[in-house]
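Undergrad: Put chains B, C and D on the given structure of chain A with help from the hints.
What follows is the residue order along each chain.
Number of protein chains: 4
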Amino acid sequence: MGSNTIGKCFTVTYYGESHGRCIGVVIDGCPPGIPVSESDVQKELDKRKPTQDDVSTPRREYDKVEILSGIFRNYTTGAPISMLVWNKEFQSDVYKEFKWKPRPSHADYPSAIRYGGYADYRGGGIFSGRITIAFVAAGAVAKIILRRSGIEVLTHAVEVGGIEAKKSQSIKMIKKNVYANPMRCADLKAASEMEKTVRRAKDEKDSLGGIVECIVTGVPVGLGDPIFHSLDSDLAHFLFSIPAVKGIEFGVGFKAARLKGSENNDQYEIKNGKIVTKTNNAGGVLGGLSNGMPIVMRVAFKPPSSILQKQKTVDLRTMTETELEIKGRYDVCVVPRAVPAVEAVVANIMADHLLIFEGRAEKRG
Amino acid sequence: MGSNTIGKCFTVTYYGESHGRCIGVVIDGCPPGIPVSESDVQKELDKRKPTQDDVSTPRREYDKVEILSGIFRNYTTGAPISMLVWNKEFQSDVYKEFKWKPRPSHADYPSAIRYGGYADYRGGGIFSGRITIAFVAAGAVAKIILRRSGIEVLTHAVEVGGIEAKKSQSIKMIKKNVYANPMRCADLKAASEMEKTVRRAKDEKDSLGGIVECIVTGVPVGLGDPIFHSLDSDLAHFLFSIPAVKGIEFGVGFKAARLKGSENNDQYEIKNGKIVTKTNNAGGVLGGLSNGMPIVMRVAFKPPSSILQKQKTVDLRTMTETELEIKGRYDVCVVPRAVPAVEAVVANIMADHLLIFEGRAEKRG
Amino acid sequence: MGSNTIGKCFTVTYYGESHGRCIGVVIDGCPPGIPVSESDVQKELDKRKPTQDDVSTPRREYDKVEILSGIFRNYTTGAPISMLVWNKEFQSDVYKEFKWKPRPSHADYPSAIRYGGYADYRGGGIFSGRITIAFVAAGAVAKIILRRSGIEVLTHAVEVGGIEAKKSQSIKMIKKNVYANPMRCADLKAASEMEKTVRRAKDEKDSLGGIVECIVTGVPVGLGDPIFHSLDSDLAHFLFSIPAVKGIEFGVGFKAARLKGSENNDQYEIKNGKIVTKTNNAGGVLGGLSNGMPIVMRVAFKPPSSILQKQKTVDLRTMTETELEIKGRYDVCVVPRAVPAVEAVVANIMADHLLIFEGRAEKRG
Amino acid sequence: MGSNTIGKCFTVTYYGESHGRCIGVVIDGCPPGIPVSESDVQKELDKRKPTQDDVSTPRREYDKVEILSGIFRNYTTGAPISMLVWNKEFQSDVYKEFKWKPRPSHADYPSAIRYGGYADYRGGGIFSGRITIAFVAAGAVAKIILRRSGIEVLTHAVEVGGIEAKKSQSIKMIKKNVYANPMRCADLKAASEMEKTVRRAKDEKDSLGGIVECIVTGVPVGLGDPIFHSLDSDLAHFLFSIPAVKGIEFGVGFKAARLKGSENNDQYEIKNGKIVTKTNNAGGVLGGLSNGMPIVMRVAFKPPSSILQKQKTVDLRTMTETELEIKGRYDVCVVPRAVPAVEAVVANIMADHLLIFEGRAEKRG
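Chains as they are written, first to last, in our numbering: chain A, 1 to 365; chain B, 1 to 365; chain C, 1 to 365; chain D, 1 to 365.
Next up, chain A with everything else stripped away, as it sits in the complex (with noise of 0.2 Å):
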């Protein structure tokens, strides 16, 4: 059974492992005459690159996107647009291990048992978070659309192990500095924190997890679907595809359950002849409707499972006990990638519902 396509207007397919080729991806039913270039793809993929050797993977990674179809005299054709990355030569000796010594936490054993020893797990394969350059690269076209009705995707690094940015911060501010510090966080101070507690916990062989906010302005009022495309759902649906996600929540989210409906109600008001919120504990969101206010969501990732540190596990082979002692260079949190990522995926569903939306637009009797 398939499971690499996800959308319904704006589709994405996604092909591709760690260690292989290459990684790629194809949309399916972007519209003719959108202007994109190899350039504004590759602008999106390079959030992507390793900004601190103490903080990000190490590795060096020059991921350049090609463009294969679909784009013409740069603009979009209507025809599937095919793009990839080529991997560079990795050393992929240290993966044959894990095969029969799973990681613990990683998807090595369910793997192992659902691809009955055939997967590529060079890398990880197709459970490398390297998946998500097919995110980013798709992201960067749906955030042309987007951007061309208005819509604007912004993420940022609010929590790293342990250490919380400020509450609320400005757009601006955002802006401003998420990609002023490789901690993607907009809170300058903060984010140096979170540079020291990263580093420590390189020190001890050991990793951090962390969560992304991702913020969506300019959303027109009644975009989405009830019932099974709810906004929330698909975004949820394709935030959890990416690698170490935990929990997603939207608004006020889990605090909600500890709210009174005086307190968590978004009450309206009129403001420069708009309807808005007074608050915006919705999160944007009401039955899977937008509702104009600002689409606000958290995304929480756990700890990178690969640590240095001696851990136990089994040997799938004699199904008895042993250790696994990991050995090379690993991100130490995803949460600078992740950032990233997150925008991509939101800005994928945010653009397939708004194919929609602007298509369903004409079509009411």
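Hints are computed from structural coordinates only; laboratory data are not their basis. It is possible that part of the hints are untrue.
Each pair may be met inside one copy or between any two copies, as identical chains are not told apart.
Cut-off 30 Å, straight-line C-alpha distance, at most; resulting in silico cross-link-like pairs (DSS-like, lysine-lysine) [unchecked claim]:
| no. | residue 1 | residue 2 |
| --- | --- | --- |
| 1 | Lys189 | Lys205 |
| 2 | Lys101 | Lys255 |
| 3 | Lys255 | Lys175 |
| 4 | Lys205 | Lys271 |
Here the structure is a predicted model, which means the values were calculated and not measured.
TA: Relative to the frame of chain A, chains B, C and D by itself:
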């Protein structure tokens, strides 16, 4: 664009409005030969019944299911299973006002824009909690399929209005207690506190949120898919289709963001000849695949938006600010009814993946 | 694996069995604000009524549609439209024998294997011509959508039992004559011949096939999609879902195989300021897209397999050869009822593509 | 709205343009452990090679496949299989004129409207016969899957330019002869006549159509689905995605319309302990399910629209009538290349249904 079908193999199509003629569901892809009777489905629907006037909506509902197709002599035939519950006559006049005076934090406003005034607004139409009748009916069939493979889905309230149940209730206590108290909580002492809080909120014309936990046991290793149909993606997708859900997390969820890898990683061991993990921080899902441990997720519900206090809203006709005082009887807290809804939704997705998983077994090269 | 939903935007889900409780359909993706009433749908269903005992099945059927959801005050709401026809009590005992003595050229044998004996065999279950009730009900809504954009679907019998209608009936004559004779043929003289042939076949306990032609006028240029959702792909897909269809062709169809390019090519000219083609050998479809000319297709129906003559079959229980003599009353020729079925199916697919087409208009870059 | 993915289980996604960088395909849902190498795929692609200058397009094409993902050490991994063929540099200037002077019976005109002038028109873009490269590459994998279950797909030209091959060629003769002559015809005498006709048409600057027959042997009973994913529906759907197809029929096809039930019905008998039918008028499909007999279908191809004679067309810029004289070298008849394309398309759909069928086996109640 259609939005009312979900699932790849065990496919669920929804229809019906809160105060329309009925709530219905069509299941497609159910294998032939599964024993299913109307009473199996009715038993699950009865779990939605309000057990106590003070806690759930006091409106008396007798939701009787009728099976229209796909079952012949108490066995599934392999043809689509159609089921519906006829709605009783409701008092719908009160809802007319919400068409132009939208209730804060309800879907009234975006729905008015999305459907251009054509939506059936009575009782909230398709934005009502009554849509979960369809989920529960389909879930009843899903649960029979799961049970045949030794998979069980258990759900309970773990928090209501800030009152938390004791952590880590045993499966046994959950089974014993959940339907023995109106709060659907396995911790009877907490349940009694929750009841009091709910009653108090009712007196204050207010409403309460809460958290529901769902545990799936007996899941084989390797069930699920990578990338876009990961178990967590699909579960989150359908769970966010339940009205009032604002957050979802697997395993330790948001707490994972604050753990170190060395704390969060679930190390493997052998127990009774079986590979298990010492902890279950992952909540049974790695890389979108089951790892054989119980799948554990927590779902946050906001307090119902329909409260009987005066609230600020706007008049959509005149674009002026105004006030709204909702009359009538509404759920103070959706958690008790959310428990069977969450259980059904999880069962639907698990059955979808189980059928794919079992089908896959013999196709391997 | 589900198999009972079709369409990308205007989505149709089928359920029900020939002698089960009902035949039903759920339409998803219909825009709000389309005026639809039960009588609009009933009018289309009435076209399936047997008009004359000698020609169609003599069993009296009064197929009354009920709309269960999605229509509010005679307008579509944008929510799923659910419709059903309750089945009357039928004589089902006769079908029991076919479970182990399969009727030649009926689905009895593969169905027995496919569903392992669990299928509802009564009246042919889901393999009955009654499934087209659902197609016709959905088609009634589709036709209203099409009509609003000036698109009309016309269908007529062009051949029955070897009797051919005169070629190239005018739209006017088709509209005038088709429902004025029991054969649904625009050429009244041929219709009268067809009737005689059908009566003769009936006397001989035999059955007859025929060909139905469908013409869609008013289609804008560029409707459809390339590759996998070409207009002809989608039309053929749904048309082959009608029982007894054995062939489909567009424009000159199979005859095109014998034409030279210089004969087959439809050269362009300007007529009344509009681009048209001098001929319409393509049947209005080029590269999967409409070219503005009428879309013309022909659908071949085999003679019904249930004939009252003694036939050779096998006993599935004993795996021995045996004979079968079907008793009862069956359609001698499905063509008269196939006419509204083909029309509905084509309307469904055209509405699906029209909604996509209209939605696409404003999304272009 | 995306239109470039087909299949439920063995899913094929297309991308690429005739004169763009490449033609590519992504297969999703292929089970792990299937032995597939680049040479397996290349062997199928080579069947598209023009074997003789006079018959097929004289342009030299060396379509070399590259596998980009999903195959590891010559076995499928269960991850998406991505394959592409790089396009060579073509002479594309000649196509510019067709943007405003559409070729009769080619997709130029509806494409210009549909894509608003943004389409990659070079070489026909996505409306070129080169798209079948993707179908054939995917079909190569499908054929390996089918072969493992004893299913074989055979295809041959049965009519070209009015020259018919002898009926009912034996499987043996088809296997032996089809790729031994440039017409891909099992009847060598007819093949030689066809060649002459093609050469004559070439001299006359004209083109020819023809008919391709496909036979699938070894299909188990009960494969397929009722209603919307019937075997014939799915086969017809994909077959109509091949450019130039104008008609499809199963078994006796259109001739069934002229047979009586007593002539058309395939009566059952036992042969070598197996249930078979005395005739195979149904072409192996009953009610959308296979009945164990060979699945037989015939596909009608129109003559290529690009002929070198002067033709009437219009100028889209000035909306005036004009003439067009196409220069260059085009296929006189697509049939020889259509043979591997039809075979691949049928293999893809059969593999899709086979995987569903085999998966279903163990899920029955």
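Undergrad: I'd like to know which numbered hints this structure contradicts. Please list them from smallest to largest.
TA: Of the numbered hints given earlier, the structure breaks none, since each of them holds.
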